[in-house]
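Asks: Each chain is listed here by its residues.
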Amino acid sequence: MRMVSPVLSLRGVTKRFGGLVAVNGMDFDVTEHEVLGLIGPNGSGKSTTLNLISGALMPSEGTISLRGAPITHLAAQDIARKGVARTFQLVRLLPSMTVLENVKAGAVFGHRRRWGTEANAQAQALMEQVGLAGRGHLKVGQLTYIDTKRVELARALAGDPKVLLLDEWLAGLNPTELEEGIALIRRLRDEGRTVILVEHVMDAIRSLCDRCVVMASGTKIAEGAVADVLADPEVIRAYLGDDDD
Amino acid sequence: MRLTAKNWQGLALTAVLLGVAACLPLLTTAYWLTIGVTIALYTVLATSWALFSGPTHYISLATAAFFGVGTYTTGLGIEHLPYWVLPPLAGLIGAALAALVGLATLRLSGVYFVIFTLGLAEFIRQIITWGQTVSGTKGIYVLTSITEAHIYWQLLGLAGLVWLLGWLIGRSRLGFALRIIGDDEEVARHSGIHTARAKVLLFMVPGAFAAITGAVLAPRYVYIEPILAFTPMLSFQVVIMALLGGTGRLWGPVVGVIPFTFLWEGISASVPNQTTLLLGVAFLVIVYVLPRGFVGLIEDARARVNRAEGYA
Ligand SMILES: Nc1ncnc2c1ncn2[C@@H]1O[C@H](COP(=O)(O)OP(=O)(O)O)[C@@H](O)[C@H]1O
Ligand SMILES: [Mg+2]
Chain W
1 MRMVSPVLSL RGVTKRFGGL VAVNGMDFDV TEHEVLGLIG PNGSGKSTTL
51 NLISGALMPS EGTISLRGAP ITHLAAQDIA RKGVARTFQL VRLLPSMTVL
101 ENVKAGAVFG HRRRWGTEAN AQAQALMEQV GLAGRGHLKV GQLTYIDTKR
151 VELARALAGD PKVLLLDEWL AGLNPTELEE GIALIRRLRD EGRTVILVEH
201 VMDAIRSLCD RCVVMASGTK IAEGAVADVL ADPEVIRAYL GDDDD
Chain F
1 MRLTAKNWQG LALTAVLLGV AACLPLLTTA YWLTIGVTIA LYTVLATSWA
51 LFSGPTHYIS LATAAFFGVG TYTTGLGIEH LPYWVLPPLA GLIGAALAAL
101 VGLATLRLSG VYFVIFTLGL AEFIRQIITW GQTVSGTKGI YVLTSITEAH
151 IYWQLLGLAG LVWLLGWLIG RSRLGFALRI IGDDEEVARH SGIHTARAKV
201 LLFMVPGAFA AITGAVLAPR YVYIEPILAF TPMLSFQVVI MALLGGTGRL
251 WGPVVGVIPF TFLWEGISAS VPNQTTLLLG VAFLVIVYVL PRGFVGLIED
301 ARARVNRAEG YA
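Order-wise, the sequence lines are chains W and F.
158 is the number that UniProt numbering gives to position 158 of the first sequence; each next residue is one higher, with no gaps.
109 is the number that UniProt numbering gives to position 109 of the second sequence; each next residue is one higher, with no gaps.
Isolated chain F (complex conformation) (with noise of 0.2 Å):
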């Protein structure tokens, strides 16, 4: 594999802005380290989410499914496994669970997909709520000597991984089949692209990042609940920070995720109960205003200064 100088400049780039970010909890408040999670927790789940629903305009509901099972995995894994093992168990059923999915919907059409994923958050939680209210309990407890800034650290390391995978599938035949899939996919077709296989295999990815985001905060939660691990709100704030970024670039999620919980800290605290709303409004929003997100803006700027360069 050749890289280019952009190619080593954006390495070191990225190593060195997760190295700053990772000096955060030596250096801040409480206060401060909960938004850098939450930053780092939104970067992974957005950026994942964009990898597959970026180029296949699949929209993914499917976020708070995965979230919740590995949140469920670290719940009831702790007793009995030690906490490292927990995070790639996730992983590996997130992706078993999304394969399955993916072969179940991927050949059906975009809207189709979108009901189904919604769903299955649902559904998956319904199983456990009676799971538990068969064997008697209603929650359960993870408790860890796990720190706030250990599980930054860990989102961090992921946020890393992520952006890594994304660029060597960027640079693969899996990434040019899906940028054609998602151009056209029957001339995907009949140029001999196994479409559904491609499918699948990338929906795997946000299906096992999501799990492991959610095996890594479980220790957070202390108790977790039904309730809790799957909420679907999950779901749609990584849609809408994934579109506000932009998905056709590999740093564009990111670029939605920061402003976008500043914001929601705001409305959160200024108007608890108006959230869903402010939600739905953000999202048209976006889709009408900003339909290529910041990445749009900025490439285009940078458009705008490189001809305007030109003429000078």
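Same shape as in the complex, but just chain W (with noise of 0.2 Å):
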């Protein structure tokens, strides 16, 4: 087999916050074009750990890289430029703004940098995919709940980045919605983006993923394809044994 050197690893990565272990000596890879599905109970540091990759957050131990270059240290900033783009649990648009300028922030200060008319037609394209086509001259405050996420998707798309972080994004959305949710991220795998996937919604994380890898109190219990991850049951009883899920 051949040896595919991945986008994004971690090797035991930790985060203290005072006495409590939120992410415990965490490994993993992500490989190009492959959406990696992380999961576990409510707490058990899914966020945390994007938290840690996009550089809010410092790991306490370990270390993050990109393409092999360490980025464990870097600043959110230039983690961003360097090609990691994340979405938020709760979504974070920029009120003052219009839709369209909302995208155009992805689109100018990203990974790869666009100004003036090809940052527009950059924006223009990505609210098109994601099903914005025509209201980017609406203020952030008029949408429904689902266009909001499409916004904050697209932002995060628009800077071309390596490693895409979706944290929750299918969360809170209705029936339909969520269809259409879990459609407009199957395209994204089809086009060949790598992504990390924190979700709760089982469905899409079978209809999505190529891999999984399994959280519980901040330490990972399994690896690996997902039918095997969601019957081992270790997992079944992380998940049972949480009651809030």
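Derived by calculation from the structure, the hints in this document are not laboratory data.
Since the model is a prediction, treat every value here as computed from it, not as a measurement.
The reader is advised that the hints may include incorrect statements.
What follows is a set of in silico ranges between Cβ atoms, one per label pair, in the way DEER data are often shown [as the list claims (entries may be wrong)]: (1) G25/W - P232/F: 48 to 58 Å; (2) V111/F - G25/W: 32 to 42 Å; (3) T63/W - G157/F: 21 to 31 Å.
Covered by chain W, per the in silico footprint, the following chain F stretches (three or more residues, Cβ under 8 Å) [said to hold, decoys possible]: (4) 189-195; (5) 221-233.
Calculated Cβ distances over 10 Å to all of chain F for the following chain W residues [as the list claims (entries may be wrong)]: (6) G12; (7) Q77; (8) Q89; (9) D147.
Virtual Cβ for every residue (Gly too), placed ideally from N, Cα, C.
Take the two lone chains, each set in its own frame, and fit them into one complex as the hints suggest.
Replies: Quick look at the structure:
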């Protein structure tokens, strides 16, 4: 088998908040064109892991590298420029700006930087791709919930990131919206984007992810093909033991 | 750079208004010229203040510090250097000081920034006072042949420069970055914006302009003392005028400066001992009643007219 060098890899990544170990010795790789599911009960450390990768938080221990180069201690803006884009578990848009300007923020300052007509064209193309065509002039306050999620996704994609981190992007959608959302992410996968998908919706995980990493209490408890991982007794125990879920 | 018809209109209108304003010294009495200097002075200070504080929402009370540094640049330099070198020199010193202050404080939250900038003017004033005590001097004389009209024209030129710079920044990546930072700094960082660098760069603009303004105004004082050059009142007045006009548009601050200047003239003449109190009251009224300043009122009215025309 040909060895594929990972786009992103974590080695022994640990994050402590005072006495609490939110992420404990995480090890995993993401290969190019892969959608990697990162799942686990509430509070298991998924968002913290994404925060560590994107530079919102600094690891207490371990290394994170992007295409072999360490990014462990870089600031968030430098990590973004090197090609890591993200969405937030609670949607964060730029409230004073229009849909177009929100998406342009990603096109102008992301991994690949554009300006002027080129940035506008990129923003338009992404708005179209996520289903926001013709709504560029709206203020983001006028949007429905799923549309705010679309804007955030388009903004993250607009800088042509090497890795996209989606934190429960499908959470809170109604059944029709969920179907649309899953179709949207499937298209990203078909385009060959590299994605880490933090998700609770099992249908989405089954239909979208190539592989899965399962976390419980900050530790990786399983990793592998989705069907195998979801049948793992330890994973089932972790989920059943979690009353919030 | 391609300019739209609206851009040309704006540029032409600004040039015409500045040209008309430039005729003031030829037409009026000394009293009106003094008012003109005050308006031009605060227009430069409030507009450059708003360039930074408008998009970032950091309230800077450092105007007096930069202004005072500029005043002293002229005061100390006038014996050694030709006058025309001094305002640009003051601009460089102001920008450098702003960069230092920015690097030290702009990573902090807004509250610390406000306190720090307020303290800065007092700190520099104390240093100068101490320096004068050590050297046994009190103030400095600035004796030049520069007239009130010369000062007025220099300030008008500066106002034109601030508007031009503000307009260019508004069209630049830096301007866009600052709007994003003002909306959500976390999103800005994760979009790849070096937020600290952008804020420091922009903070250098009001720093430089306030210092240049101080340098230009120094000959008017004739005798410069620390208490005069670093008066904290200046910082507060600039904030109030900029907020009264509105920071959302480049022309906002001047819309606040003009009425405020007349109001202030009236107040200082009739109740000279209550000015600080009235300044505080004015601040509260603006924040509660006119959160977006006159700009907000004007734009709301314009939107209503447009809607009404739409129905007609
Ligand atoms: N900034 C923080 N400070 C302190 N504790 C935190 C912080 N962020 C997360 N935690 C804690 O870390 C643990 C993991 O949280 P999180 O990564 O958000 O879990 P998940 O996304 O899997 O639901 C939780 O116990 C949470 O309370
Ligand atoms: Mg989470």
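Asks: Hint by hint, say whether it matches the structure.
Replies: Hint-by-hint comparison with the structure:
1. Checked against the hint of 48 to 58 Å, the C-beta distance between G25/W and P232/F comes to roughly 54 Å, which is consistent with it.
2. Between V111/F and G25/W the beta carbons are some 38 Å apart, a value that agrees with the proposed interval 32 to 42 Å.
3. Judged by the Cβ atoms, the range 21 to 31 Å given for T63/W and G157/F is violated: they are separated by roughly 56 Å.
4. Coverage of the stretch 189-195 of chain F by chain W holds in this model, with 7 residues showing a Cβ closer than 8 Å to a Cβ of that chain against a need of three.
5. Using a Cβ-Cβ cut-off of 8 Å, 0 residues of the stretch 221-233 of chain F lie near chain W, which falls short of the minimum of three, so the contact claim is violated.
6. Here G12/W stays apart from chain F, with its beta-carbon at least about 24 Å from theirs, past the 10 Å limit.
7. Non-interface status of Q77/W relative to chain F is broken: a Cβ of that chain comes within 10 Å, the nearest being about 5 Å off.
8. The non-interface label for Q89/W is consistent with chain F: the shortest C-beta to C-beta separation is roughly 12 Å, beyond 10 Å.
9. Interface exclusion of D147/W from chain F stands, the closest Cβ pair being 17 Å apart, more than 10 Å.
When each numbered hint is compared with the structure, violations occur for hints 3, 5 and 7.
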